[in-house]
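Novice: Position chains B and C against the provided structure of chain A, taking the given hints into account.
Protein chains in written order, with the numbering used here: chain A, 31 to 303; chain B, 7 to 306; chain C, 623 to 1018.
Hint data in this document are derived by calculation from the structure and do not stem from the laboratory.
Each hint can be trusted.
Partial chain B-side listing against chain C, Cβ under 8 Å, derived:
# : residue
1 : D46
2 : V50
3 : A51
4 : R161
5 : A249
6 : F264
7 : W266
By construction, the Cβ of each residue, glycine as well, lies at the ideal position given by its N, Cα and C atoms.
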Amino acid sequence: MRRTVVTVSIHAVLLLSAVLTLLPLLWMVSASLMPPGEASALPPRLLPSRPTLEHYGSLLSRLKLAQSLFNSAFLATVTTAIALFLNSMAGYAFAKLRFAGRDRLFRGLLAALVIPGQVAMLPLFLMLKQMGVVNTYWGVIIPGMASVFGIFLVRQYALSIPDSLLDAARIDGAGEFRIYRSLVLYVCAPILVTLAVFTFMGTWNDFLWPLVVLTDDGMYTLPVALANLAGEHVQDTELMMAGAVLAVLPVMLLFIVLQRYYVAGIMSGGVKE
Amino acid sequence: MMRRGMKPGHAFVAPAAIAIGVFFFIPALASLLLSFTDFDIYAVADLGRLRFVGLANYARLLGEARFWTALWNTLYFVFIGGPLSVAVSLGAALLVNARVVRLKPVFRMIFFLPVVTTLVAVAVVWRYLYHPRHGLLNLMLAWIGIGPIDWLGDRFWAMPAIILMAVWKNFGFNMIIFLAGLQSIPERLYEAARLDGANSWQQFRGVTLPMLRPTFLFVAVMTMIGYCQLFAEPYVMTQGGPAGATLSLVLLMYEEGFRWWNMGYAAALAFTLFVLMLLFTLVQLRLRSANETTPGVGRA
Amino acid sequence: MGSEGEMAARLIPEFEQQHPGIRVRVQSIPWSAAHEKLLTAYVGEVMPDVFQAGNTWLPELAALGALEPLDNYLRETATIEPGDYFAGIWDTNVIDRTLYGVPWYVDTRVLFYRADLLHRAGYAQSPRSWEQWLQALHAVKAAAGAGRYAMLVPLREWQVPVIFALQRDAELLRDGDRYGNFRSGRFRQAFDFYLGLFRDGLAAAGGETQVANLYQDFADGFFSYYITGPWNLGEFSRRLPAALQDDWATAPMPSVEGGDIGVSLAGGASLALSSRSRRKAAAWQLIEYLCAARVQTELYRLTGDLPARRTVWDEELLAGNPRIAAFRAQLQKVRSTPRIPEWEQIAQKISEYAEAAVRQTMSADQALVALDGDVDRILEKRRYLLGDHGHNRILQ
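One chain only, chain A, in its complex shape (with noise of 0.2 Å):
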């Protein structure tokens, strides 16, 4: 009886935290397809009295969100794709290729780690100036394209590769890229979907930087063209509520697909700390 008492109270609890969780969100939906004006009404409403996409429609077209769905998308990808490669490959000589400095250029790394991004942006930005590349997609990807994060991630993993592998694959007569290319990318393919998950959602969903480095409208990426709506067009809250839709949907859906993945990578980096 205790027990199902217990069983009860839990899962009242678990559900009602997960109701006022997806709130937020739910509300988000909500309102983006109300008519314009119905999000303000008194008292606040909780569901469109008659659906409408017409506020996805003027983002899309009226308002170029389109073109930077598109740039989040294509920086979100291509600085994923180039991170995993550099990060992987740092990572797994880390672990396992012994090298002059190699401890003392790995703790050298990891003192990145306490030092915030916010530091470096504005010599960064200056830098990046002189090499014309302000105001570019290089002006986003060239900072994201290796981090201490990713190369600790997949050290970490890579440091469970059993030498005797390893050392069979070199017996056999295999260049080190090519052992690096077919062997070590395939054992370490979970952290490196992981990572992948992880530098993507990262790159998607930054802020500062590109909202600094990017001054054409043509160029932002999601966040920075959805703040500046906001800036335009607080009192369309329709608007913007489709506007935050639009950024949140595919990394909440490319999450909910993988995230097998990225849940055992996160646990698996936090419980070996």
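Specialist: Coordinates of chains B and C only, in the frame set by chain A:
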């Protein structure tokens, strides 16, 4: 297999290391140098107008009320929002992990959803939720008889409003880490405790909490370090207002650096933030090494 | 920028037809981010060829060397005549005797109010002296009922306290714009008047959230007065319910004494040419086109922004609109803010300390002393560059 010259290992780490070195470490160092100058909009036009001012920017920062406001707000966010976030995460993890719970993956996914959302989008949504008259939150409070609160317009409630939103956004992430920690506690410890006659609460205090300690420390410090960098929420929701109640260090740095182009001063602010975060990290390392010794033996 | 950013795109197709071979891309940025975006673009060397800039920003951009001097272009053109512009506005574009921008539209602040609510409170029209205006505000608030206000004053805007100061003839800066002068008696009087509005419950302290719903609140009668600019002519027409369209009106600012109308700000936006543009000739043609009288009329029709050219004002479209009359009158009495690069920073400081004083985290005295302190510090570099002999090192 010792060869002179570049080994494959070097080639593998070179691209990433160079990228990080050139595009992160060098600018970070340059920032330090920049903080000793009065680089501003005049200097942008003509470098000849740059002056080396030594520690003047730091002196100015220490004397400026706005800096202390930003520091106070940031620490408020870190030391109140941080523990709150960790507590909520732990609570959620404990609930989801309970043996009697069905559909664990579903709940886990729901609680994690806010984490993957774009912060700017979420900030926009919450700004509307917080509206004193049109917002959902005050509507719900009215159901339980609490009068309308001007969440983002009242100097007292603005920071709690931001904290609430940040907790909602982040608790799922730490919850997953706690879940991992909880699931790694061996069942036999609980069995042993039960054999000794311990009830649920005593099991929690005697087995769960101590075994969770390393995870707890990790989560706590990582969260606090992350919270030091508060920016997007106040930028989108309040622009640092009302009356500077939600002005954070990074927001102040952005304002000074990218709005007014007082880059020398902004660099000094950035470096001060760095020192703050370094202190937190050192605290973590100190706590962890103290934790590494077996309980009861005392500090090494 | 702002609403004209989106509308301006409609002006372009005709230009491209008249000038085949020139393609124009329009970008719009909200006003709140425009200033920093322009500066970022300048530092990043990605300025647009032609851009709109608030005329208070021109000194800053000129000091940066971001603006192309336009005197030569002006000499060659037939369509732009300096005499056709409001004198006070044209002046804001001339820095150190060189022309750096062409006024595109004018902006000043006047009173927008609910004529029906004012009428209900017992006033046929909006009073012209501060004293009578205060009485009217009290009456309106009383008639509106509990929890409502007479006026909305957004706390993020520096314009309102500065307008009151200008009406009191206060000099905001002293010594050749080298030091702050906010502790002066006149500024203090204006500041007290401003603070009094909040103290007496007449003004709703407008935070971000209040401004987000201002049209709704104006329609609801939550407040009856709002000091704002011409863009709201268009916005009010668009966003207020049809039933209310006869119930709102505009009036020039009241003056301290009440004899003539009060002073207001000489605002507005100009079109400028980037000094680093690689298509200056084409860019100038675009500026010429956008400043043509015909296009100015069209701009007004699309956005409600008031044209900078005076001949356009005589057209039926504007002359026949009673709400525009307030602006026309007001534009005869405008004064500009100090034309220095640091003005935007100083303006923000004013709004910060005004907010602090309104919310009573500081007393008025403390706020003004602190404001002077901050402004003095902001101007330090300017003092250094101007040197002891007044030799101007700012513009080479």
